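K.L.:
Which chain is which? The protein sequence lines are C and B, in order.
With our numbering applied, the first sequence covers 1 to 482.
With our numbering applied, the second sequence covers 1001 to 1210.
Just so you know, the hints here were simulated from the structure itself, not pulled from any lab data.
Each hint can be trusted.
List time: in silico DSS-like cross-link candidates among lysine-lysine, alpha-carbon distance up to 30 Å:
no. : chain 1 : residue 1 : chain 2 : residue 2
1   : C       : K75       : C       : K63
2   : B       : K1088     : B       : K1022
3   : B       : K1022     : C       : K413
4   : C       : K413      : B       : K1004
5   : C       : K454      : C       : K475
6   : C       : K413      : C       : K423
Which chain B residues face chain C? A few, computed with CB under 7 Å, are given here:
no. : residue
7   : Y1056
8   : P1058
9   : L1061
10  : I1062
11  : I1101
12  : P1194
The structure presented is a predicted model; accordingly, all values stated were derived computationally and were not measured.
Ideal Cβ placement from N, Cα and C applies to all residues, glycine included.
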Amino acid sequence: MGVGLRGGIYRPLREEEVRRIDEGVMWVLGNVGVQVNSEQARELLLAAGAKEKGNNVILFPEKLVRWAIHKAPSKVVLYGREDRHNLTLEDARVYFGTGGTVLYALDLETGERRPTTLVDIAQVGRLVDALENVHFYLLPLYPNELPKEQVDVNRFYAGLTSTTKHIMGGIYTMEGLREVIELAELVAGGAEALRERPIVSFITCTVAPLRLDALYTDFLIEIAKRGLPVAIPSEVLAGATGPMTIAGSTVVQLAETLAGLVVAQLVNPGTPVILGTVSTVMDPRRAGYLSGAIEMGLMQAGVAQMAQYYRLPLYATAGMSDSKLPDAQAGYEKALTALLVGMAGANFIHDAAGPLEFCTTVAYEQYVIDDEILGMVLRAIRGVEVTDDTLALAVIAQVGPGGHFLTHPHTLKYMRTELFSPKVSDRELRERWEAQGGLDARERAKGIARRLLKEHRPRGLPLEVDEEIRRRFPKIALPKGV
Amino acid sequence: MLEKLKQAVLEGDSERAAQLTKEALEKGLEPERILNDALVAAMEVVGEEYERGDRYVPEMLISAEAMKAAMEVLRPELVAAGVKPRGKVVIGTVEGDLHDIGKNLVAMMLEGAGFEVVDLGTEVTAERFVQAAREHRADIVGMSALLTTTMTHMPEVIEALKREGLRDGIKVMVGGAPVTQEYAERIGADGYAPDAASAVELAKRLLGES
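Could you build all of it, start to finish, from the sequences and the hints given here?
P.N.:
What follows is the structure, given as structure tokens:
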């Protein structure tokens, strides 16, 4: 229930407001410009008719931006190692998944906050493989024990071996990027096969306000050359690296991600680019980043509407919390933003499972709780089905006044599909709840996480492929069988 | 044969359950064996699945209905063979209370478990409870109330049973949203169950079965 549903039922912007934001974006790109710190990218842009204002600031003509929007595919399919996990990113289709990248995890047994390791990436991957409302595995953790030059290939390997869902991730070095692509080619069966069915994809961030960083943009160019899918998220902090207003910061983030889109289309027209936003609002009390603010949901929903206007897929952000542990605050912050952005029809909603504390920490049990929240959100997005059969007039007539519907075949037919079945929520009577230990949601979720980690065995890589990978990359550090 | 009958009950297919029971009797199978090895065995599985959360109440009820359909065929043979029924329950919602879905659930589940149920319907006065208990030689009187304003009629029924000298031979069970174990004890009922499945367990326990 609920994979690739169509959202778009919540639209915070009116049509005329969408047009005003678009005009604003084009004005900023054409008159304020974006600082492009990659020499390769600047050369491409200037050759395509863009102007340099000095200090690497490039002015993007509207025509060039519109050309790139037109050139980029409106539909990007991200593949899983199993076809049932493929994600068709287009119009208002909604998928939810993990995100990061965080440095700490709350230990499942001790509850203590500790640095994350490579083994955690594989463990969380196994958990995600088992959670039906988490549709993709965006590598959420940093392996603190590894030197930087070993991080990239190890992270993607740990992801690919632990789940058959699509793997997306950020990268840290150019060498690492090339190794990851080679790794993915070994799994997919060659470069062509990987382009046909990309089982991995990448993220190259912009730097707010209005900058394309040299290294990230060089990553972007390398990925575009290979024709692999890439998300280009902008991370505006409204009030700090963007205007305090949601509308103003929406303009800045769209200008940034579209600048990245133009570069990618110039490198390789038709490159599968996913517009991106990780943007949120600043906490004015301490000028800090917020991940659970309702305004973040509002902003992300508005950007989803803009992406639909441009007919481009969107990488969006929702379902996070600033709470330090899986508590009531985590529940309501996550539920509200996930619901808003999901109902708006953002395509690839990341960070929606796992993160806490300004996206610096994850908790194993939080993944289980978030799977439940997302199940409810997806049910809401699915909406109310009205057909002759669901109106059930004949059934109502048959039962009549004073009868009951409990055993009517119509009830039996619909009770498993019309209703979301919770796994974490407690719906027992008090006596029974007490008999089961009187546990709260967090403790129940821990129990589920422990059971899934013990019992769930995802489909691993074929043995010969795994051996080839380990031969090719002796730096693979994940112990066999984790 | 018995396996098929068990399956029919598990699937909640009343027609098939009655038909297969008839066939089993025609084949000369002992009524008691049909009861225990097929029907009771099926309802045990139903109970287990319900406890695990795999089976929902409507699925449990259609199995109970299938069991009841089979029992209607089987009961005369059981009586002839001298097998005693599980027990007779007189049930109803108390005076002033029209809410009967919970009571209906309990009645269906009790029938599914092999009890004989006399359903008095809704807004049953103390006099009618007493009258029915006497007439049907009930083992259990079950009362349901959904409102705090109507549950106060429950002790009236217990008092009436005492007045008529019936209380000693009859177990009284109560249930409904506002009713609690503590309330049941306070008014001198023999038992309280929070839902239909536990009501069956309670009824068995009250009659000293398990």
